[in-house]
Amino acid sequence: MADPYQVLGLDSGSSEQEIRQRYLVLVRQFPPDRDPQRFAEIREAYDKLRDPTKRLKTWLFGGPDADSLDAVLDELKRRLRSGKIPTTVLLSVAEEP
Amino acid sequence: METILGMDFGTTNSVVAVIRDGNVEALREDGEAILPSVVGLDSDGQLLVGYPAWNQWTLAPERTIKSVKRRMGEDVRLKMGNEEYAPQEIAAIIMRTLKERAERVLGYPVKKAVITVPAFFNETQREATRQAGELAGLEVVRIINEPTAASLTYKGNDQRAERLLVYDLGGGTFDVSIVQIEKGVVEVLASHGDTRLGGDDFDRLLLDHICDAFEKEHKIDLRRSPVSRSRVLKAVEEAKKRLSFEPVVKIEEEFIGEKAGVPLHLTPEIQRMEYEVLIEPLLSKTLVCVDESLSDAGLRVDQIDRVILVGGATRTPMVHRLLQDQLRKVLHAEVDPDLCVAMGAAVQGGLIAGIDLGPILVDITPHTLGIGCLGEVRGVMSPYCFSPIIERNTPLPATRSELYSTCCDGQEAAHIPVFQGEDEDVRNNHSIGEFYLEDLSDVPRGNEILVRFDLDLDGILKVTAVERATGKQEQLTINNAISRFRDEHQEEARARLESAFERAAARGRKGQQEELPPELREAIAKAEQLLAKTDQVAATASPEDAEEIQRLTEELRSAIQRRSHKEIEAATDALEDLVFYLEDVR
Numbered sequence: 015m016a017d018p019y020q021v022l023g024l025d026s027g028s029s030e031q032e033i034r035q036r037y038l039v040l041v042r043q044f045p046p047d048r049d050p051q052r053f054a055e056i057r058e059a060y061d062k063l064r065d066p067t068k069r070l071k072t073w074l075f076g077g078p079d080a081d082s083l084d085a086v087l088d089e090l091k092r093r094l095r096s097g098k099i100p101t102t103v104l105l106s107v108a109e110e111p
Numbered sequence: 018m019e020t021i022l023g024m025d026f027g028t029t030n031s032v033v034a035v036i037r038d039g040n041v042e043a044l045r046e047d048g049e050a051i052l053p054s055v056v057g058l059d060s061d062g063q064l065l066v067g068y069p070a071w072n073q074w075t076l077a078p079e080r081t082i083k084s085v086k087r088r089m090g091e092d093v094r095l096k097m098g099n100e101e102y103a104p105q106e107i108a109a110i111i112m113r114t115l116k117e118r119a120e121r122v123l124g125y126p127v128k129k130a131v132i133t134v135p136a137f138f139n140e141t142q143r144e145a146t147r148q149a150g151e152l153a154g155l156e157v158v159r160i161i162n163e164p165t166a167a168s169l170t171y172k173g174n175d176q177r178a179e180r181l182l183v184y185d186l187g188g189g190t191f192d193v194s195i196v197q198i199e200k201g202v203v204e205v206l207a208s209h210g211d212t213r214l215g216g217d218d219f220d221r222l223l224l225d226h227i228c229d230a231f232e233k234e235h236k237i238d239l240r241r242s243p244v245s246r247s248r249v250l251k252a253v254e255e256a257k258k259r260l261s262f263e264p265v266v267k268i269e270e271e272f273i274g275e276k277a278g279v280p281l282h283l284t285p286e287i288q289r290m291e292y293e294v295l296i297e298p299l300l301s302k303t304l305v306c307v308d309e310s311l312s313d314a315g316l317r318v319d320q321i322d323r324v325i326l327v328g329g330a331t332r333t334p335m336v337h338r339l340l341q342d343q344l345r346k347v348l349h350a351e352v353d354p355d356l357c358v359a360m361g362a363a364v365q366g367g368l369i370a371g372i373d374l375g376p377i378l379v380d381i382t383p384h385t386l387g388i389g390c391l392g393e394v395r396g397v398m399s400p401y402c403f404s405p406i407i408e409r410n411t412p413l414p415a416t417r418s419e420l421y422s423t424c425c426d427g428q429e430a431a432h433i434p435v436f437q438g439e440d441e442d443v444r445n446n447h448s449i450g451e452f453y454l455e456d457l458s459d460v461p462r463g464n465e466i467l468v469r470f471d472l473d474l475d476g477i478l479k480v481t482a483v484e485r486a487t488g489k490q491e492q493l494t495i496n497n498a499i500s501r502f503r504d505e506h507q508e509e510a511r512a513r514l515e516s517a518f519e520r521a522a523a524r525g526r527k528g529q530q531e532e533l534p535p536e537l538r539e540a541i542a543k544a545e546q547l548l549a550k551t552d553q554v555a556a557t558a559s560p561e562d563a564e565e566i567q568r569l570t571e572e573l574r575s576a577i578q579r580r581s582h583k584e585i586e587a588a589t590d591a592l593e594d595l596v597f598y599l600e601d602v603r
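From first to last, the protein sequence lines stand for chains A and B.
Our numbering puts the first sequence at residues 15 to 111.
Our numbering puts the second sequence at residues 18 to 603.
By construction, these hints were calculated from the structure, which means they are not laboratory data.
All figures in this text were calculated on a predicted structure; none of them were measured in a lab.
Careful, some of the hints might be misleading.
To be verified - Residues from chain A that face chain B, not an exhaustive set, calculated with beta carbons under 10 Å:
| hint | residue |
| --- | --- |
| 1 | 28 |
| 2 | 37 |
| 3 | 38 |
| 4 | 42 |
| 5 | 61 |
All C-beta atoms, glycine included, are put in the ideal place defined by N, C-alpha and C.
Assemble the whole structure, with the sequences as input and the hints as a guide.
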């Protein structure tokens with residue numbers, strides 16, 4: 015599964031506002047009418063990142079081997095150890111209405 | 018730049034619009050943009066479309082068809098005079114009339130169109146609409162949702178995001194869409210509706226109200242005779258419109274019936290209040306849809322910036338009142354509610370043709386699509402379990418897959434029935450078609466089958482099923498009445514339509530023959546001889562040649578219609594060359 019941040023050309027610390035603005039720029043660049051394939055990819059990536067819950071879900075379960083809870087926990091541990099915690103992703107969940 | 022027409026094929030009225038010199042414009046003839054969606058045959062069997070058909074409706078309801086849009090997608094034959102027609106054929110007559118209007122106004126032939134449908138139209142109804150467009154001789158480049166089209170005519174604010182609620186109450190259908198406009202991207206967030214709710218229903222309620230009273234008094238049911246029924250219906254239609262401006266309306270239909278040799282007149286008075294009591298239940302339904310679409314979009318009423326009214330029935334004062342109460346918003350109808358759908362379709366046509374007009378559209382599917390399988394329905398195992406694959410309000414185009422597995426050892430085939438709807442029991446959803454993936458490997462149960470749905474920008478679905486182990490696959494050939502019509506009757510219907518229009522055109526010519534200059538008359542006569550000859554040759558031509566013949570004959574026919582001497586001669590020469598060549602090789 016492609017990394018949605020990569021598809022949108024963003025880094026994983028991007029804010030919701032940045033994600034939305036980037037999505038709008040890309041839609042104007044690749045409208046569904048002219049480039050349906052590319053649009054579908056952009057939209058799929060955007061759907062994974064558009065709100066805090068989705069971002070957290072993508073962050074937790076979006077890895078290459080996310081089909082078992084163990085695999086997800088291992089990945090989580092690995093990321094925690096390596097210190098790569100996108101705090102914006104975690105914090106934005108708390109801000110969600 | 019190529020011209021793509023925007024066509025609003027409505028239940029009561031139809032409109033065609035186009036982008037000209039960078040401006041969107043509903044095309045008018047004699048100052049009139051609206052073509053009533055009525056088709057009829059006169060006493061000589063000649064085709065009537067629009068106002069002439071509408072005028073004869075009360076006199077000859079058996080030779081006149083109204084509101085055909087409500088029958089789109091049904092497997093029925095509609096009787097008009099001595100012949101029967103599929104709904105798509107009648108719709109095609111209206112679309113072709115719009116096409117010809119556009120060609121007359123623009124002065125050149127047009128092939129392509131964007132046609133609008135209610136957002137809540139299902140797959141089958143969309144496919145029937147597309148078929149009608151093709152029968153009318155159009156290349157349907159896009160099917161677009163009506164409320165979405167309307168929102169494209171709205172000039173948004175450049176600076177910030179705006180959210181619109183489009184309330185579209187037409188002659189026969191109701192839609193509500195929530196649309197967000199930001200930085201030139203128009204995104205539909207949610208759509209709801211009812212494809213069987215519109216101004217026609219208001220008429221019918223009034224009709225029943227008046228006929229019931231008349232029956233009580235005179236023991237005569239006016240609805241039983243087609244002629245008196247259509248007279249009353251036409252009268253209530255007028256009354257309904259006047260009730261938007263007047264508190265009381267008097268209907269006067271003289272000699273509507275007869276009892277014991279004494280003529281009876283229909284002269285009831287209707288108060289607006291009375292009328293509002295009648296239609297209130299229908300309007301309540303629309304408000305439920307408004308709530309549902311807001312909740313689907315995850316928005317509160319106060320997050321909506323604007324309400325846009327579309328469709329003739331939104332002129333009803335009660336609609337304004339109820340919406341204003343519910344949404345606490347000022348309502349907007351700056352763009353003519355009768356014309357804005359066609360104009361929006363023309364904007365979309367312009368975008369497809371590559372004209373840079375600004376908005377980019379991201380539309381959704383308002384219905385969930387999925388398949389029927391074995392599973393739990395309301396807690397009980399059932400073979401009628403609906404398994405959603407593309408959820409409603411998913412942006413288009415969309416591709417989604419789900420994995421299923423066989424339930425028997427050595428299962429040879431998998432049955433894949435495709436449905437559209439929101440109920441977990443497929444029997445309450447709309448069936449789109451079904452197919453089998455056959456000759457599966459002889460393995461124990463649990464053989465994995467991947468089902469993929471591709472939903473394109475027109476909302477038209479392609480379904481693929483793959484046996485995962487072997488890669489064997491099958492694609493859905495939709496097996497329903499609409500696709501059978503395409504296979505079996507399309508050509509026949511096209512020919513029938515062609516000849517009806519030719520007869521009408523021929524009669525038109527006869528009436529004005531004296532006015533044509535002699536050279537032009539001669540050129541037309543020659544062209545018509547050639548067209549007759551072409552038909553004979555075309556029967557035995559190869560597919561490629563047949564296509565070329567069709568192209569050239571259409572060119573010639575539209576040249577004849579435009580009465581352009583030069584063009585007729587040029588088109589005649591081109592076709593003549595081909596016909597001579599084909600005669601030689603035979």
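Verification of the hints:
no.	hint	verdict
1	28	17 Å, violated
2	37	9 Å, holds
3	38	5 Å, holds
4	42	5 Å, holds
5	61	8 Å, holds
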